[in-house]
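Engineer: Note that the protein sequences, when read in sequence, are chains C and L.
The first sequence begins at 1 in the numbering used here and counts up by one.
The second sequence begins at 1 in the numbering used here and counts up by one.
Take the hints with a grain of salt, since some may be wrong.
What the hints assert, rightly or not - Here chain C is said to cover these stretches of chain L; the calculated rule only asks that three of the stretch's residues, wherever they fall, bring their Cβ under 8 Å from a Cβ of chain C:
{"#": "1", "segment": "20-26"}
{"#": "2", "segment": "230-242"}
{"#": "3", "segment": "450-462"}
Unchecked claim - Under the rule of at most 27 Å between Cα atoms (straight-line distance), these lysine-lysine pairs were calculated in the DSSO-like manner:
{"#": "4", "chain 1": "L", "residue 1": "348", "chain 2": "L", "residue 2": "574"}
{"#": "5", "chain 1": "L", "residue 1": "585", "chain 2": "C", "residue 2": "195"}
{"#": "6", "chain 1": "L", "residue 1": "51", "chain 2": "L", "residue 2": "286"}
{"#": "7", "chain 1": "L", "residue 1": "585", "chain 2": "C", "residue 2": "99"}
{"#": "8", "chain 1": "L", "residue 1": "221", "chain 2": "C", "residue 2": "6"}
In short, the hints are calculated from the structure, not lab data.
By construction, the Cβ of each residue, glycine as well, lies at the ideal position given by its N, Cα and C atoms.
Here's the letter readout for the chains.
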Amino acid sequence: MQQLWKIVSKGDNIPIVIMLVLVAFYITWGFREARRNDKIIKKEGSLPAPDKVHVWPYLVRIEFLSAILVMAVFTIWSIFINAPLEEPANPNRTPNPSKAPWYFLGLQEMLVYFDPWIAGVVLPSLIIIGLMIIPYIDINPKGSGYYSFKERKFAILTFLFGFVVLWVLLIFVGTFLRGPGWYFFWPWMAWDPHKVVALTNVNLHELFGIHSKLVAFIFGMSIVGGYFALAPAYYLWKRKTSLALQKLGLVRYAIVSFLFLTMMGLPIKMILRWTLNIKYIWVTPWFNV
Amino acid sequence: MDSPVTQPAGRLDIPVEKRPYGVLFFVFSLILALGTLWVVADEVIVRRPWKEYQREYNRTEYRMMQARRDSLVTELELKEKASGDTQSRDALKAQVEDAGHTLAQNADYQASRDDLKRRDFDLFKINRRYQFTKSVYDEKFYEYTEAKHSGHDVAELESVTNRLKGEMDSLLPIIRTMAAGRDSVQHRIDEWERPLDSLAGALQGKTQEITQLAERMEAIKARPLKIKQIVLPDYEPNEFRNPIIRVERCQTCHLGIDRSEMADAPQPFTTHPKREVYFKAHPPEKFGCTPCHDGQGPALTVESAHRPRESWDHPMLASTMLESGCQKCHPNRAWLSNAEDLMKAQKKLRRMGCFGCHDIEGYNQLAKVAPPLDRVTTKVSTSWIYDWIKNPRAFRPDTRMPNFRLPDSEAVSIVSYLESVSKDKPSENWPTTSLTGDPIRGRDLTKSVGCLGCHRIDALAGEAIDPGRAATIDHGPNLSRIGNKVSASWLFGWLKNPRGYNSTTRMPSLRLTDQEAADMASFLVTLTDASYQPVPRPAVARSQDDLVKQGAYWIRTYGCFGCHSIPGMEKEGKVSVELTTFGAKDVTELFFGDATDIPQTWEAWTKGKLQYSRRYETRQVIQRMPDFAMNDEDAALFAMLLKSFDGRKVYEEYREPVTEKSQRQEAGRLIAEHYNCTGCHELEGRGGDIRAYIEDRGYQPPVLNGEGAKVQSDWLFRFLQQPEPIRPWLKVRMPTFSLTGPEITTISQYFMENNNVDAPFLFIKTDDLDPLSVKLGDKAFQANQCLSCHVLTEEALAKKGASNLAPNLAMAHRRLRPDWIVNWLTDPQRLQPGTNMPSYFYSEGQRLYDDADVQIRALRDYLLTLGNTAAPVAKK
């Protein structure tokens with residue numbers, strides 16, 4: 001517990017603790033609003049026309065007030081919490097654990113489960129591309145300018161999973177539960193630099209007794225391919241009956257489903273690692289998945 | 001669009017555009033404004049604790065000066081009261097005032113002063129005019145030059161510059177005349193003022209120190225509070241190998257370190273406790289504090305500057321570790337004054353032979369510390385070897401051989417290997433004898449001939465006059481139980497010819513006769529301990545070949561060849577880790593094993609390892625390092641030394657320069673240490689341990705502090721090769737060390753450097769000596785009765801006692817340096833404090849005779865002519 005307090009009270013980590021609280025607060029807030037609106041929509045059929053005011057000066061003055069408050073808070077903050085400086089950099093003695101800046105800890109956590117090429121390059125690029133194309137694939141006009149859950153279930157659940165679970169949670173894990181050697185420590189455990197953990201990971205094809213590299217390659221490729229083939233399969237199955245699919249159209253569906261499956265691939269790989277000690281599913285000379 | 005701030009109920013019902021925000025705006029702005037003020041106060045006051053330290057220091061210093069001034073004033077008043085001095089301060093003050101009045105009423109004086117003022121102003125004006133003209137001229141001349149260079153028309157500029165130059169030239173003589181006129185007026189005024197000035201001077205002289213103190217006190221009051229920062233440019237490379245500036249601010253609070261009067265002030269103002277010793281060579285304004293003390297130099301709070309190991313790679317050294325800081329600039333010295341602990345530790349390291357198993361930069365070239373084992377079975381029995389390697393300290397508690405804690409089977413196999421490679425005869429010309437020794441004579445001889453300079457023999461220790469010193473003698477093995485170990489016949493051979501058994505031994509030959517050697521051997525074998533019970537060597541049911549093979553394996557595993565040269569193991573490397581940068585190791589790199597009862601720090605780990613080397617062994621991690629069982633003191637010393645092996649290299653400017661002199665001295669010190677010259681002789685003020693056993697100064701070995709200036713190098717060379725008696729009555733013998741030529745050269749140079757002598761060789765042409773001077777010297781020689789002490793007969797010895805006898809002067813011409821003879825006769829006590837040589841010619845720096853110098857030179861000339869044949873005889 002002493003260890004936990006040491007980590008939580010560290011100058012770098014206080015903002016993360018605050019962020020966790022804020023995320024929880026705003027999600028709850030949003031859901032409360034959404035539930036209220038959903039009730040009204042269910043009763044009335046639609047929300048009453050919104051009351052509008054000009055940005056200038058009515059919004060700007062409130063923003064200005066907030067700016068003053070934030071400045072005051074940070075000014076006083078600086079009295080109590082010092083910049084978390086460490087010893088001069090020394091290439092011969094790097095800190096253990098060496099941690100990325102807090103906002104990248106999710107990425108660093110992914111490195112545990114994926115090839116650096118996938119976790120460090122492909123997935124981050126896909127995240128950025130995915131965020132960029134949201135306006136083009138999200139053609140649902142509902143929920144714009146007001147809170148609603150029922151009208152945008154898929155979008156909100158996907159966002160919550162991708163952001164809260166995969167991003168914020170992994171930051172939390174990386175900050176508070178990853179200790180020396182990037183080993184996992186529960187909050188009540190002391191961070192022992194000499195901790196030893198059995199590392200006995202195997203590639204998936206080895207579990208099936210496949211030794212030939214070529215066969216293993218084809219095996220892994222078919223598994224990964226099969227996973228991504230779920231998207232067209234679902235499309236063929238539902239395209240007649242699902243209004244949402246028809247609205248989305250084939251191209252948008254292809255993009256959304258690819259990104260969605262890729263995102264879901266991360267927790268699947270994590271679970272495989274925890275349960276079956278799977279190192280890689282698809283081993284190639286160029287990259288591993 | 002709701003504000004997250006709680007508002008009075010009903011506020012949310014007001015439309016956004018009509019909601020008032022004035023109060024919120026006021027409150028937030030107030031918080032921001034107050035917060036800003038708070039931050040400033042925090043920054044200026046709370047986060048600058050050094051300011052209060054400086055204020056406190058200033059108060060302390062002020063009070064000290066005040067006290068000093070008050071005591072001076074009281075002293076002066078008392079003096080004036082006691083003497084009724086007409087020149088008292090009050091009288092002087094009155095006189096000064098009188099003189100001032102007189103001058104004020106002098107009309108001529110006043111007129112001259114007015115005149116001077118006027119003239120000064122005129123001079124100022126004309127000077128200014130000259131300056132202005134000159135600056136315009138310079139500008140025009142620049143334009144003229146520029147125009148000329150770029151090919152423009154310069155006629156007009158030329159005429160302008162010429163005109164300006166002419167103007168300046170015409171002003172100069174006027175200025176000179178005016179200045180002369182002004183000076184003459186000034187001179188006249190000075191004449192009038194002179195009596196007044198001298199009175200004022202007298203008054204000031206009386207109170208000068210008081211006035212100065214008052215001024216300094218004022219200066220303290222006006223002293224601004226500021227950070228005192230020292231910058232060491234290009235001190236050391238950083239971790240990226242770029243030179244960095246080292247900044248430190250220790251003296252912002254430690255203000256009194258270089259002020260002797262602050263010795264009793266409280267910390268942090270106290271004078272540096274070793275200021276006198278260290279600051280001359282390490283002025284704090286150049287070296288600062290952290291090169292020796294480490295710590296976070298730029299920090300300005302007590303906490304962060306001194307705290308151990310957090311956010312700083314080199315936290316402040318504990319006082320017991322301090323001398324490890326010397327290594328950075330004085331690496332691996334054989335001797336460094338004022339770093340006694342470090343030197344002690346380094347000497348111990350050289351003697352314990354840590355470098356046999358560990359690579360340690362600066363030590364790797366040293367010879368193996370233990371005897372070779374190529375003939376070991378001719379010296380000791382295999383059962384003795386077995387017992388010895390099982391637990392060396394059981395046989396000899398103070399041995400340097402560590403305990404490997406060998407299981408029986410390993411010990412047996414190692415003995416088998418040694419047995420298999422050992423020759424069966426010491427050497428071809430190994431001395432043997434049929435004489436019977438007399439232990440009584442042997443005892444006396446052992447005690448007097450010099451063995452005790454290197455060896456400890458408990459049976460004789462009771463007779464030491466200085467038991468404390470005798471107890472520290474450990475250059476050679478402790479011989480208290482030697483009779484349990486070796487035979488009289490081996491001892492005889494060894495005493496006669498040590499190199500016949502071990503060609504690299506440091507044991508010298510004492511040129512013993514066969515009878516003497518037999519006597520000593522017969523005495524030494526009586527040194528036994530009946531209580532000593534050797535561990536019997538168990539029988540092992542394996543073939544001899546197997547045992548030998550296994551023995552080789554275990555010897556390779558434990559690295560016995562690190563200290564002993566063992567046949568068949570010549571090409572083995574070092575068995576353990578390098579220690580060159582051990583001091584820089586982070587605590588996380590150290591393996592604590594199951595030792596949970598000690599703090600997880602570098603110091604604790606290191607000391608624990610040194611005290612019991614297998615301390616961190618676990619079921620998995622087998623440790624081979626033998627147990628040195630160091631006591632707390634030695635462990636602390638070695639931990640300090642190991643701390644100094646941190647691989648840090650400072651730049652040349654901060655390192656002690658390596659000069660020819662220092663190199664020669666260092667080389668000499670190492671040889672002197674190797675052969676333990678200081679066991680008998682005092683060198684550079686240290687050593688002479690054997691004197692613990694010799695009460696009569698006349699029988700003690702000579703002090704060699706001034707030997708370089710005293711003796712001729714070629715004599716010394718021959719003497720070290722083959723010693724000849726200088727004081728034949730001495731019982732302790734200068735041994736024959738069988739030194740090599742280069743070794744003797746090194747020693748000779750070392751002696752010379754100690755006494756700043758440049759030239760090793762000199763040539764004395766006795767023919768060229770002035771016969772008159774020689775004759776005069778002869779007279780002085782007789783008159784001063786030199787031969788009453790410088791006499792070598794048995795009767796004289798019996799009559800006067802050894803301490804009143806002096807060396808053979810017949811050797812002077814080939815042994816002594818002529819300059820030294822002069823210096824010696826001038827002041828023997830300076831060259832050798834405590835000598836019995838009287839000072840005939842000088843007393844406390846005063847000449848006793850007018851022609852003392854002439855007599856001294858004459859004596860020198862006479863001595864140089866003496867003695868190619870026999871000792872001089874006294875004339876009637």
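Engineer: Now, for every hint given, state plainly whether the structure supports it.
Structural biologist: Checked hints:
no.: 1; hint: 20-26; in the structure: holds (count 3)
no.: 2; hint: 230-242; in the structure: holds (count 3)
no.: 3; hint: 450-462; in the structure: violated (count 0)
no.: 4; hint: L:348 / L:574; in the structure: 19 Å, holds
no.: 5; hint: L:585 / C:195; in the structure: 19 Å, holds
no.: 6; hint: L:51 / L:286; in the structure: 24 Å, holds
no.: 7; hint: L:585 / C:99; in the structure: 22 Å, holds
no.: 8; hint: L:221 / C:6; in the structure: 45 Å, violated
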